[in-house]
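Chemist: Chain order of the listed sequences is R and L. The opening position of the first sequence corresponds to residue 1 in the working numbering, with each subsequent residue numbered one higher. The opening position of the second sequence corresponds to residue 1 in the working numbering, with each subsequent residue numbered one higher.
The set of hints was computed from the structure by calculation and includes no laboratory data. There could be a bad hint or two in this list.
[Stated by the list, open to error] Some chain L residues well away from chain R (every beta-carbon gap over 12 angstroms; in silico):
| # | residue |
| --- | --- |
| 1 | N22 |
| 2 | T63 |
| 3 | F65 |
[To be verified] PhoX-like mimics (lysine-lysine), calculated; alpha carbons at most 20 angstroms apart, straight line:
| # | chain 1 | residue 1 | chain 2 | residue 2 |
| --- | --- | --- | --- | --- |
| 4 | R | K57 | R | K71 |
| 5 | R | K57 | R | K83 |
| 6 | L | K68 | R | K71 |
| 7 | L | K71 | L | K56 |
| 8 | L | K100 | R | K57 |
| 9 | L | K68 | L | K5 |
Beta carbons: idealized from backbone N, C-alpha and C, even for Gly.
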Amino acid sequence: DGGITQSPKYLFRKEGQNVTLSCEQNLNHDAMYWYRQDPGQGLRLIYYSQIVNDFQKGDIAEGYSVSREKKESFPLTVTSAQKNPTAFYLCASSTPGTGSALRYGYTFGSGTRLTVV
Amino acid sequence: DQQVKQNSPSLSVQEGRISILNCDYTNSMFDYFLWYKKYPAEGPTFLISISSIKDKNEDGRFTVFLNKSAKHLSLHIVPSQPGDSAVYFCAARTRGSNYKLTFGKGTLLTVNP
């Protein structure tokens with residue numbers, strides 16, 4: 001079955017460490033996204049990528065970095081510069097926003113909960 | 001500045017009754033609106049969408065209404081079921097931006113048996 005896989009489901013990080021969250025999709029989608037969810041904050045866009053080797057900052061990119069070397073993969077690194085990294089992170093993908101793709105929007109992964117200890 | 005607003009953090013409804021979730025927006029450039037449903041510790045799943053050229057879209061128990069003049073949309077669930085209990089997010093796409101969606105903060109719906 002096609003879908004998006006995020007790993008790990010739970011992740012613990014010590015302060016001052018970088019950590020990388022994995023996101024892989026086999027939907028042949030061109031675009032991929034990273035969102036962060038905090039209680040009462042909804043979904044906030046961190047980074048997005050429309051094509052391989054290209055990505056753009058979202059609304060809250062500070063302290064995060066991404067790469068898009070393959071169409072299927074869009075890993076997110078939470079760096080030590082991120083002041084408040086404890087959150088639920090969601091990866092999503094989509095095809096260009098026309099026709100049936102737009103009617104269904106994004107396909108989301110099941111999320112990674114990152115906790116700084 | 002929040003462009004997509006879900007002003008009710010929570011809603012409680014009896015099983016079998018109608019659930020109405022509301023969403024307001026400020027950006028006139030939004031041309032497509034979507035509703036997502038999310039259970040705890042899971043990713044959101046697509047529920048229903050509507051183009052700005054329409055005022056209603058129906059899919060089974062779910063109907064979305066769009067009032068462009070008021071910049072308001074609503075999701076109706078009839079009849080509500082306990083399994084509908086989840087957080088519902090309203091999202092909008094900006095015309096000309098094929099990829100980026102703007103999300104509201106969500107409304108927690110609880111359907112009581």
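Chemist: For every hint, state whether the structure bears it out.
Modeler: Hints versus structure:
For L/N22, the non-interface assignment is confirmed: its Cβ lies about 15 angstroms from the closest Cβ of chain R, beyond the 12 angstroms cut-off. Every CB of chain R lies more than 12 angstroms from the CB of L/T63, the least distance being 15 angstroms, so the non-interface label holds. The Cβ of L/F65 sits about 17 angstroms from the closest Cβ of chain R, beyond the 12 angstroms cut-off, so the non-interface label holds. Distance restraint check for R/K57 and R/K71: the Cα-Cα separation of roughly 18 angstroms lies within the 20 angstroms cut-off, and the hinted pair is therefore satisfied.
For the hint linking R/K57 to R/K83, the alpha-carbon distance of about 17 angstroms falls within 20 angstroms, and the restraint holds. Only pairs whose Cα atoms come within 20 angstroms are accepted, and L/K68 paired with R/K71 is rejected, the gap being roughly 37 angstroms. Pair hint L/K71 plus L/K56 holds up; C-alpha atoms about 14 angstroms apart against a cutoff of 20 angstroms. Restraint check for L/K100 and R/K57: satisfied, since their Cα atoms lie roughly 11 angstroms apart, inside the 20 angstroms limit.
Simply put, L/K68 and L/K5 have alpha-carbon atoms about 15 angstroms apart, close enough for the 20 angstroms limit, and the pair holds.
In terms of the numbered hints stated before, the structure departs from hint 6 and from no other.
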